[in-house]
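Asker: So you can see what is in the structure, the chains are spelled out below.
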Amino acid sequence: MILRLVPPLIVLLLAGPILAGLLMALLPAFGYLPALGGDSLSLAPWRQLFDQPGIWRSMAVSFASGLATTAVSLAIVLLFLAAASGSRLDRWIRRLVSPLLSLPHAAAAFGLAFLIAPSGLLLRLVSPGLTGWERPPDLLIVQDPWGLSLMAGLILKEVPFLLLMSLAALPQLDPQRRLAMARSLGYRPTLAWFKVVAPALYPLIRLPVYAVIAYASSVVDVALILGPTLPPVLSVSILQWFNDPDLDRRFLASAGAILQLGLTASALLTWWGLERLGAWLMRGWIARGGRRRGEVPLRLAGRGLILLTTLTAFVGLASLALNSVAAFWRFPEAWPQGLTLQHWLRVLPQLADPLASTALIALGATLLALVLVLAALENEQRIGHRPSRALWLLYLPLIVPQIAFLFGLVVVMEYLGTRPHHGLVIFGHLLFVLPYVYLSLAEAYRRLDPRWSQLARTLGASPGSLFWRVRLPLLLAPILTASAVGLAVSIGQYLPTQLLGAGRITTVTTEAVALAAGGNRRIIGVWALVQASLPLVGFTLAVGLPRLLWSHRRGMRDTL
Amino acid sequence: MTQTHHLALHDVSIALDGALLVALDARIGPGEVLTVMGPSGSGKSTLLAYLAGFLDEAFAASGQVILDGVAIQGLPAERRGIGLLFQDPLLFPHLSVADNLRFGLPRHRRDKRARVEAALAHLGLADFGDRDPATLSGGQKARVALMRLLLSEPRAVLLDEPFSKLDTQLRQEMRDWVFEHLREAGLPSLLVTHDHQDAEAAGGRLIELSV
Amino acid sequence: MFRSPLLLALGLVGLTSAQAAPDPHDWEAVLDEARGQQVFWYAWAGEERINDYIQWTADRVAERYDITLTHVKLGDTAEAVSRVLAERQAGNDERGNVDLIWINGENFATMKANDLLFGPWSEQLPHYPLTDPENSPAVRYDWTIPVDGLEAPWSSSQVVFYYDTALVDDHPRSMPELLDWARANPGDFTYARVPNFLGNAFITQAMLELAEETAPFYAPVEESDFDALTAPLWEFLDALHPHLWRGGRAFPANSAELRRLMGDGEIAIGLSFSTTEASGAIANFELPETVRTYVHDGGMIGNLSFLAIPYNAQHKAGAMVVADFLLSPEAQARKQDPVIWGSGTVLAMERLEEDERARFAQIDLGIATLPPEALGELLGQPHPSWVDALEAAWQRRYVGQ
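Protein chains in written order, with the numbering used here: chain A, 1 to 560; chain B, 1 to 211; chain C, 1 to 401.
Calculated from the structure, these hints are not laboratory results. No experiment lies behind these values; they were computed from the predicted model shown. Don't take each hint at face value.
[Stated by the list, open to error] Here are some of the chain C residues that sit facing chain A, going by a computed Cβ distance under 8 Å:
| no. | residue |
| --- | --- |
| 1 | 51 |
| 2 | 85 |
| 3 | 245 |
Cβ coordinates follow ideal geometry from the N, Cα and C atoms, glycine included.
Construct the complete structure from the given sequences, taking the supplied hints into account.
Answerer: Here you go:
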């Protein structure tokens, strides 16, 4: 049966390119790449790598960004979940956070940059009134050498990600009952949550947490916008070496890619160690039995921090919007001297091609991913158990840094003489779209009441008819949501588009990031807004379509 | 609906990890209801899953299930000819009332529309075909669910505590209605319940399982 | 070794599809061949106005020559060079992705030295004589490297400083004066991050200005004592950096970011590779109207940029036609308009017809642009090898400190 072949096909599709890419980075890293005259193994690329000015600084910032971003994001999310009591404010915060998941990283980074720069919106609002500054202060905030603004930009995006992952996992734990039990023993609610729910929740979100570490320690697009420059983070340096006209630098870049792999691995390992330590400390804390102390500050922090990150993201977006229609706008004015559509009119004629490419690639990758994921999940239903062992391979593209294997993949493609085209980019996006589509659909698929399929089958429905007539319509809402997630992931991709498309295939994301170097806030504002609004279209459809289709089916609306 | 069907369970036993859960040997004639009672954990639902064809691979079952002279225990659920009535009516929420009934009809039936309309009329729901099943009352849902099952032309029926979620008055009414229809259709039925009144209403033999 | 069968296969494909390279002497044939071609132009794209201009070009060549021109947007021209090199390494000698590159200096030197360029072709372009090559030899040398017909001249640029008259009373006129000014106004000046070409231009300008003798810079760096000749430069930069924007711990990525800093009032003096950039930026709301341009008394560095065709380009005829169109008075005059782009022409006015000259005369250079006679002496670019050496030395000195 064809369905049975799907899980191995998925594994091959995901693991194959990654392993091939890593191999083609590993060989040149040790000097072996006959096409460039590297015929023998040597350590020369590594010596050259560690001779690069500022290499240790690059590594330190990448490493710190991986750990700090994750720690802060996780803390914010856990604090919020602990403090949330289902009040209206809490529900409002949740609703505010979810659209941020679809916001591309680059757009969030631009928004933050516009906000916190010395000449950014925040300081304009308080200047010269509070500060007395008539000119922007000479402060190194954006692109600071320690990567703090980089981490802040990443946190804006990772908080929604971890929050939604946690919210998806929580129902399995029946937190209400656990809390009620703990509170009946005299624990205040927030403390109770940390003591009885958090320890059970963490294992369920461990993989997303690892994905955040890997991402934050190797990100390229956000680092190009917010990261340090003298030297840049490791991933950006690798990109520069790879693009150097001196092809010998490919060896250096390959060694850098392997170094990045090692760096991310050691960040993960360090985190794992911290996990042990945290668990040990936590056991002690729980065992001591404190029931009240710290409740109020924890609860305030829980709501305050997530509100801060969420509002920052939204005000950043608003500042993008304002910039996109601003005429001359000098510091310290908080409002532009005039509003103009000139920037939009200028960009509009150039939008068509990148928009079409973005849509084609996103739809193609998402559709492919959806078919594969549905086939895999359906197969799992039919054989009656999970293929648990191969499952971790799904996370491979999320854990292995993109930059470590994509270059190798490009080398492979060059060997094969493959010319850049949309198909190749779609295939590259599939690596990242597929895991997310799988992650967002699998739980809903597995949790669908098994009685529906039992009922359908005792009524004589064949497995195929069961899938098309029962499972697919009943799961329409989660399937559309998973598709919207897939579209958003694809739309946000920078590196795979840039590398596999050889710069010839431009999407709104590559355009926006390319302009980042230009620093024209007006034009960046336009592109970033376009980039940010595209995934929203997908999510709006995902929410609206089922409502429309099931407007006369009350039983379906409850599942939305 | 006047054919006669026989369901026989020959030395059926189900074990998990070597521990015996259920052992049963029984014959059920046309229109007869065999009631199986037992506390939770006595393996009632395991027995139903086995008969309907949904038993998890972790269980080891032996014995034979003969329906109209054919051993069916190796067949996939949809080809066994065994209908299943759940605690909840489980009307498909994405389909109209009529489409729910139509879902039960075997594919080869030609006059689907007429059959569905006749079934609706029989239920006193003639104008309800296009309705959203969520708008029906509890009793109406339960009747539509049984009618859907009968339209699928099963040769035997399993009932999984089908009345436990109904309120007292409706429960009595539905018991009579369901058993009457099953008898009329000449279907051998197996009822799983923990309610003695169910067993009395079924009027057939009673087997008690122990933990 | 393991890829030889593959290469063989590719070679066979190459053989069957091989066609004679177009002959620029037979321009009619070139035009014929170009019709219907899709030309991939790899060009730096960090400036929106440049992208707009290229889009305009694409529209024109589509109308007139039935050529589909696609702008492949680069953050760094080196990416295109690296692509062509990679293609050669992979044995792709016939069907290269890159048809046309906007190029000069170091990248041209690399491509020429590695035989990666098609040509000679540029001197046969119908519009080439308008550059008056006999009397303006600049079009025949690219950073001291002979062009040899391997690239067509396109743009001339000269570095200028711009400053905000609302913030600066008296602008510096030399590097030592700039240092004094920076000391008095800390945080108000910066230059683009090396190895961005504008950053390279600033340190090259400083090197030329501060050196006793500039002749060695026009020969390969290997022939000189790099450390001794550049000592004054490092001494100057060491002194300057603490007084730069962000204390010299960060630099803007390129000219556009530099301009934004100026527009936001973060700095008061900046620099540009375009004499009309300030005027154009004022018109586009990017700079305040108080910004003006100035040059140093000892002259400013300048250069030409060119268009080259890789040896393996698939659409050479189309690329030549595009290059020739870009050299036309119409395209050159539009390019010089500061509101459109403001990049200097390479045409010699005296070679143009009356009406063509009028196109240039009509251009409003804007309030912040210096008249041609005020631009001072043009300093030539040193030999490209100096840039590499300067870049590396700068990074060793200032990166990761």
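Asker: Quick check on residue 51 of chain C please, does its C-beta sit within 8 Å of some C-beta on chain A?
Answerer: Holds. Min distance 7 Å.
Asker: Report holds or violated for the interface hint on residue 85 of chain C, using the least CB-CB distance to chain A and a cut-off of 8 Å.
Answerer: Holds, about 5 Å.
Asker: A closest beta-carbon separation below 8 Å is what the hint needs, so does residue 245 of chain C meet it against chain A?
Answerer: Holds, about 6 Å.
In summary, the structure agrees with every hint in the numbered list given earlier.
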